[in-house]
Amino acid sequence: MKTETKLIHFSEGIELESGKSLNSFDLMVETYGELNEDKSNAILLCHAFSGNHHAAGSSEDYGIGWWDQLVGPNKSIDTNKYFVVCCNNLGGCAGSSGPSSVDPSSQKIFGKSFPQVSVLDWVNSQKMLMDKLNIECWHFVAGGSLGGMQALQWSISYPDKVKKAGIFAAASKSSSQNIAMNEVARESIRKDENFHNGNYYEHNVIPKNGIKTARMLGHITYLSEEHMDSRFGRKFQDEDSKVEESVSFEVENYLQYKGEQFSELFDANSYILMTKVMDGYDAGKDKTLVEALKDVKSEFLIVGFYSDWLYPPERGKEIQIAAMDNNIRSSFVVLQGDHGHDSFLFNSKTYSNLITNFIES
Amino acid sequence: MAIKLSKIINSWVPENSKVIDFGCGDGSLLKELFKNKQVLGYGVEINDTKIEKCIEKGIPVIKLDIDKGLNDFMSSNFDLSIMARSIQCLKNPDLALNRMLELSKRCVVTLPNLGYWRCRINLASGKMPITPELPSSWYETENIHLCTIKDFENLCLKENISIKDKVFINRNGNQGGLSKINPNLFAVEGVYLLEK
Chain A
1 MKTETKLIHF SEGIELESGK SLNSFDLMVE TYGELNEDKS NAILLCHAFS GNHHAAGSSE
61 DYGIGWWDQL VGPNKSIDTN KYFVVCCNNL GGCAGSSGPS SVDPSSQKIF GKSFPQVSVL
121 DWVNSQKMLM DKLNIECWHF VAGGSLGGMQ ALQWSISYPD KVKKAGIFAA ASKSSSQNIA
181 MNEVARESIR KDENFHNGNY YEHNVIPKNG IKTARMLGHI TYLSEEHMDS RFGRKFQDED
241 SKVEESVSFE VENYLQYKGE QFSELFDANS YILMTKVMDG YDAGKDKTLV EALKDVKSEF
301 LIVGFYSDWL YPPERGKEIQ IAAMDNNIRS SFVVLQGDHG HDSFLFNSKT YSNLITNFIE
361 S
Chain B
1 MAIKLSKIIN SWVPENSKVI DFGCGDGSLL KELFKNKQVL GYGVEINDTK IEKCIEKGIP
61 VIKLDIDKGL NDFMSSNFDL SIMARSIQCL KNPDLALNRM LELSKRCVVT LPNLGYWRCR
121 INLASGKMPI TPELPSSWYE TENIHLCTIK DFENLCLKEN ISIKDKVFIN RNGNQGGLSK
181 INPNLFAVEG VYLLEK
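These protein sequence lines map, in sequence, to chains A and B. Under this note's numbering, the first residue of the first sequence is numbered 1, with each subsequent residue one higher. Under this note's numbering, the first residue of the second sequence is numbered 1, with each subsequent residue one higher.
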């Protein structure tokens with residue numbers, strides 16, 4: 001698979017939804033496959049909350065890509081046929097401009113001063129990337145969770161630039177419960193003594209415990225009760241493989257391990273910023289969702305998963321109903337999914353066939 | 001069946017209309033109607049393999065258990081809803097019929113006729129009917145609410161549903177003949193255009 005990873009600089013800057021702006025910014029971009037002559041085979045993948053530009057294949061820094069099960073040669077999204085683009089979103093911590101990068105105007109790390117961005121800002125920055133890559137229209141824009149929100153916003157913001165949109169395990173807005181979970185995560189970071197009001201870089205520390213706790217909570221919301229029961233049950237952890245002495249059950253050990261691993265990789269300010277992006281999104285803000293979708297020309301494939309209680313299938317159905325009211329050619333399919341909210345990341349026969357058939361139809 | 005059905009109902013489907021097909025199967029009927037009448041058609045189906053086929057044909061589809069989810073789509077204004085050979089599988093065919101006529105101006109319903117003479121002979125010999133149209137045993141069949149042509153028309157009368165047009169199909173898949181003279185005895189299937 002032809003893969004290119006590069007940092008692209010945007011010297012023209014960007015006006016943000018908040019009214020603030022960035023005078024210039026960088027996006028870390030990865031592409032797979034090749035753009036065809038008439039530039040009709042481009043696909044944009046939008047990552048979810050903690051994802052990054054590395055969607056497929058294996059890399060030294062990020063291991064296996066977040067959607068490698070579905071993206072690659074002869075896979076559901078076939079990189080032999082399509083030119084697939086994925087970027088680390090603005091505010092992230094995998095190379096694109098974000099709280100942990102250096103502010104060109106002060107030559108200091110942004111930290112808390114990095115402006116709050118939004119799904120709309122991400123879509124606008126991805127549009128600038130699209131222009132830079134000389135792509136006129138995406139054949140398909142897709143993502144799961146927060147990535148699905150971007151796919152939806154793309155079809156609203158740039159109706160002529162998206163032929164088909166894949167909106168998976170997503171919602172047109174976060175629920176009160178989603179916001180509540182995220183606030184607990186943010187609070188655990190803010191209350192870590194090493195957080196230093198977001199300026200921990202100056203103190204050469206990271207609020208590791210806070211990020212770890214936040215991620216542990218996150219993991220519970222990404223999995224389903226059924227999946228946790230079948231995977232861990234009430235099994236006790238072996239003495240030899242305990243990551244913490246206090247651990248009794250396997251599920252505790254799993255969360256400790258995942259939390260610990262993540263806390264060393266992810267920037268705390270990015271965590272807070274990304275969760276705020278998720279909370280803040282509302283496709284039908286100031287109007288109804290039906291009105292928001294008025295100008296959409298893209299076809300939709302909306303997929304929900306029964307085991308997902310973070311963005312349950314009902315949220316996808318709301319988008320489908322609004323789409324049908326606007327005569328959008330939209331499909332809505334609910335699949336079993338064994339992995340709760342995370343199901344969108346995993347390959348299954350039906351899921352894979354649906355995506356392939358949708359792209360190819 | 002689907003291709004024949006598209007021929008029968010072609011004249012009932014306005015050009016460029018918005019259609020919903022409950023129990024759409026692999027989307028063949030909607031595909032035909034799209035070709036002939038440029039309809040914007042949505043299918044409703046519960047089977048994943050059939051859903052994949054709809055998507056492959058470019059037919060928008062919704063995965064839904066019709067028994068549970070008809071209310072969800074009340075806000076959509078359809079010109080025509082279709083329920084081909086499915087109404088007898090529903091828990092509440094009478095409610096479904098009324099819902100369909102709330103979300104669309106008109107609806108097309110097709111149903112197998114339990115009054116067909118072969119069914120009657122089966123019953124007269126003391127057995128549940130098994131015919132080419134109703135091939136499954138009583139314990140395997142999805143048809144939990146079978147009725148005769150007469151029963152169905154009586155239900156329409158009771159629910160104040162007016163029958164705008166109807167076509168009867170005989171055992172050879174054709175219209176006319178004896179099925180036109182006495183459909184309750186000779187038709188294997190009734191095709192109705194309904195309005196409320």
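Keep in mind that the hints are not guaranteed to be accurate.
Claimed, not checked - Straight-line alpha carbon distances no greater than 27 Å define the calculated DSSO-like cross-link-like pairs of lysine-lysine that follow: (1) Lys150/B / Lys349/A; (2) Lys150/B / Lys164/A; (3) Lys68/B / Lys317/A; (4) Lys50/B / Lys317/A.
As the list claims (entries may be wrong) - With the Cβ distance kept under 10 Å, some of the chain B side facing chain A (calculated, not the full set): (5) Asn10; (6) Trp12; (7) Lys37; (8) Leu40; (9) Thr49; (10) Met128.
Unchecked claim - In silico contact screen, one side only, chain B against chain A (beta carbon under 10 Å); selected entries: (11) Gly23; (12) Lys53; (13) Ser76.
To be clear, the hints were calculated from the coordinates, so they are not data collected in a lab. By construction, the Cβ of each residue, glycine as well, lies at the ideal position given by its N, Cα and C atoms.
Outcome of the hint check:
1. Lys150/B / Lys349/A: Given that 27 Å is the threshold and the Cα spacing comes to 45 Å, the pair is violated.
2. Lys150/B / Lys164/A: violated, 47 Å
3. Lys68/B / Lys317/A: Between Lys68/B and Lys317/A the Cα gap is close to 14 Å, so the pair holds against 27 Å.
4. Lys50/B / Lys317/A: Answer holds: Lys50/B to Lys317/A is near 19 Å, not above 27 Å.
5. Asn10: violated, 22 Å
6. Trp12: This hint is violated: Trp12/B lies away from chain A, its Cβ roughly 21 Å from the closest one there, beyond 10 Å.
7. Lys37: violated, 15 Å
8. Leu40: holds, 6 Å
9. Thr49: holds, 8 Å
10. Met128: Because about 34 Å separates Met128/B from the closest Cβ in chain A, which is outside the 10 Å limit, the hint is violated.
11. Gly23: violated, 16 Å
12. Lys53: Result: holds, 8 Å to nearest chain A Cβ.
13. Ser76: holds, 5 Å
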